[in-house]
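Asker: The primary structure of each chain is shown beneath.
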Amino acid sequence: MKYLHLIWAALFRRKTRTILTLVSIIAAFLLFGMLDAVRTSFDQAGKSANGAERLQTGSKLSFIQTLPSSLELPISKVDGVKAVAYANWFGGAYQDPHNQIFSFAVSPNYLDLFPEIELAPGQRKAFDDTRTGVLVGEDLAAKYHWKVGDRLPLQSTIFPTRDGTKNWTFDIVGILHPKDKNAGGMFKQLILLHWKYFDESTPYNRGSVGWYVSRVSDVNQSDRVAKAIDAISANSDHETRTQTEQATAANYIKQLADIGLIVSSIMGAVFFTLMLLSGNTMMMAVRERTSELAVLKTIGFSSGSVLGMVLAESVLLLLIGGVIGLGIATLLIPVVAANSGLGLPPVGAGNWLLGITLMTVIGLVVGVIPAMRAMRLNIVDALAGR
Amino acid sequence: MILTILLSVYFWSVLAWWGALIVAVAIAVWMIMTRQGRQSASVTAVGVSTLRQRMGSSSVIVIGIAGVVGVLVALLAMGEGYSETLRKTGSADTAIVMRGASASEVMSVLERDNVVVIPQAAGIARDSEGKPIASPELVVAANLPLKGGTEDDVGSVQLRGIGEEAWKVRPNVKIIAGRKFKPGLHELMIGQGAEREFAGVQVGKQVKLGNDVWTVVGEFASGDALDSELWADANVVSDVFRRGGSRNSVTVKLTSPQAFDAFKATLEADPRLKVDVSTTLDYFSKQSEGTSKMIQGIGIAVGVIMAIGAIFGALNCMFAAVAARAREIATLRAIGFRGGPVVVAIMLETMLLALLGGVLGGLLAWLIFNGYTASTMAAGSVGKLSFEFSVTPALLWTGLKWALAIGFIGGLFPAMRAARLPVTTALREL
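In order, the protein sequence lines correspond to chains A and B. For the first sequence, position 76 matches number 75 in numbering that gives the first Met the number 0, and the numbering has no gaps at all. For the second sequence, position 119 matches number 118 in numbering that gives the first Met the number 0, and the numbering has no gaps at all.
Check each hint, because a few of them may be wrong.
[Said to hold, decoys possible] Sample of chain A residues facing chain B (criterion: CB under 7 Å; computed from the structure):
1. A26
2. L60
3. F62
4. I63
5. T272
[Said to hold, decoys possible] For lysine-lysine, the following DSS-like pairs were computed, each having C-alpha atoms within a straight-line distance of at most 25 Å:
6. B:K207 x A:K59
7. B:K130 x B:K167
8. B:K292 x A:K142
9. B:K285 x A:K142
10. A:K253 x A:K59
11. A:K59 x B:K204
I should point out that these hints are in silico values taken from the structure, not numbers from a laboratory. All figures in this text were calculated on a predicted structure; none of them were measured in a lab. Glycine included, every Cβ here is placed at the ideal spot set by N, Cα and C.
Bound conformation, chain A alone (with noise of 0.2 Å):
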């Protein structure tokens, strides 16, 4: 540490160099930042805590299809099981058909198994007394300027009214948000209406349920609930899956994207570039500074100090671009994600350890040549200028 001022005016030595240097790297971590934020995401897809208490009972068949609402009482007779609530999917679509909205018909309970979503609570009553009432999400009502009180018109590209037609009108009497300010959650960008409201006005749904959802009261046991629920169903003509919240999603994910794959040869190719990069950089510092050491060395610094302080030089110049790259995503993401309308997750303490290890490991790689040449440095041919 003592050291720091040496190395940083052997950083800045050549300004431009350094500064342009930066650039890159602040434009890698940049790119890191927002590629590794989305992967968390979609690695931690149902993985809280709250997730993990919450089992998803979808038909066998596929998920399109419907199951009964007469099952709520068997699944929430099986041991283990807290509470049940069901959804339904809506398929609603606002002012074009092509623009389509999340958007379910629940239980009145199906609040109560989410935790994590915060509603004041006279909005709940609000809810829960107003048949044609609709908690919306809090990005999507920013995105399109709705609040509470107004009158929401939706179309439905699956479910007609009983008077043939496919428009829906609801009252808009809460909008939820995350209890956690930071957490991502698709309950942001989703539409919540009665069930019951939906089941009577429309001459298709007919008492059925797209999917239950029940919270254990231990998680340990939800393998032995997710197969006791299955059970009740096993042979009918309504044969049931259930898994966690967690599998559900994930599943759900596999199959749109192999996510993991994409980012991960995105990132090699950045970082491959990177390191070529600053090691460049590093290269060039170390060759036309070749005497400077050599007059380090005659002074008495030894060669592993100069090692030392060569390698150090190069991780603080990974770690300075890295960290105001990873700043700015940080920063940006939100902005964008306010006005785009895209669900973009933010970067968490997860993603600033990874890329910090990564901007070290990356600084130590492309530092350890130069550094071995300053060590080996002779002092009378570095001197003698050969």
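Given chain A's structure and the hints, the job is docking chain B onto it.
Answerer: Below, chain B without anything else, positioned relative to chain A:
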């Protein structure tokens, strides 16, 4: 200055290949015909001949740009492959009829009485027996085990219940193994794309779909989105998935593409129906729009950020190259070479390295990703759509243009510095 660069990059980005060719020819002519041009050519030759001594830093430019171009081309090839698969699906002379305001086929329900009325509309082609060629079809999702996964790893596949007419509205679908299913039996045909994705669905094998066991009796190939589907008898599918007499859509063969307007008008005027009509070509292209735009957006965003990194990398290397050759450049200027040729020479050198990088990156993307199969849950479908990355010449050209643009910006400032370097200081410099 900055504005000029931005403008020229913009014009460059919309430039067609022949435009670039004209620019290249113009530069070549200038180099041969004018004195300044000949000077530039000789200075460039000197620079290029010493490239080998600056192997390390020149390869940084080449590989940096190759990385940008490779990633960009690969991502765009993914979007291209996806939309190409859906674009190839459907034709201008077939139309699909769905219930009004359905965003996609799976969300549509047509009751039996509608299914009966639709084939009577004007404009539908008739077969040799004089029957209208209209195919009412069911679309449901079914779960199948994925290839290379555990038993619990299931993926969704789109199962289409069809009748004999389905083959007539889609003459491009060929049977490549086995035979057609027999009506009334639990027999399936599988598309070649679905066969790649899912385990245990070879011809002759039995699979469980719904609560029933089905036999795979044939495999078909169409080269489009249908390749990812399973086909079975509509009545059997309807029984198993409890759909009654309803169907999702009716696909009809039109007498000609021009007959579409009349066909659409008859159906829309019919008070018994509330349906949306579009040509199948339109329908599938629209379905792909959102996703391919998104993939393209991601590709360009990632490309831009990487390009910024590469530009600064190139700047760095070229500044270093100029500094290393400061004396040489100053000498040239001292013996009478003007600034212009020096600028041109350094620009050309950078562009040459960039071109190499672009070619390398495009080549890598092509070698690794062309024909690489991926799959995703397609919009408007309930099954995995399998598609191939398609590295088209147009994408390679886009990649090359990006490379040259990066090289241009990365070379410009070092070149100008070289031209402005005071001769005396530069000569004194070590």
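Asker: It remains to establish, for every hint, whether it holds in the given structure.
Answerer: Status of each hint after checking the structure:
no., hint, verdict
1, A26, "holds, 3 Å"
2, L60, "holds, 5 Å"
3, F62, "holds, 6 Å"
4, I63, "holds, 5 Å"
5, T272, "holds, 4 Å"
6, B:K207 x A:K59, "holds, 11 Å"
7, B:K130 x B:K167, "holds, 12 Å"
8, B:K292 x A:K142, "holds, 20 Å"
9, B:K285 x A:K142, "holds, 24 Å"
10, A:K253 x A:K59, "holds, 18 Å"
11, A:K59 x B:K204, "holds, 21 Å"
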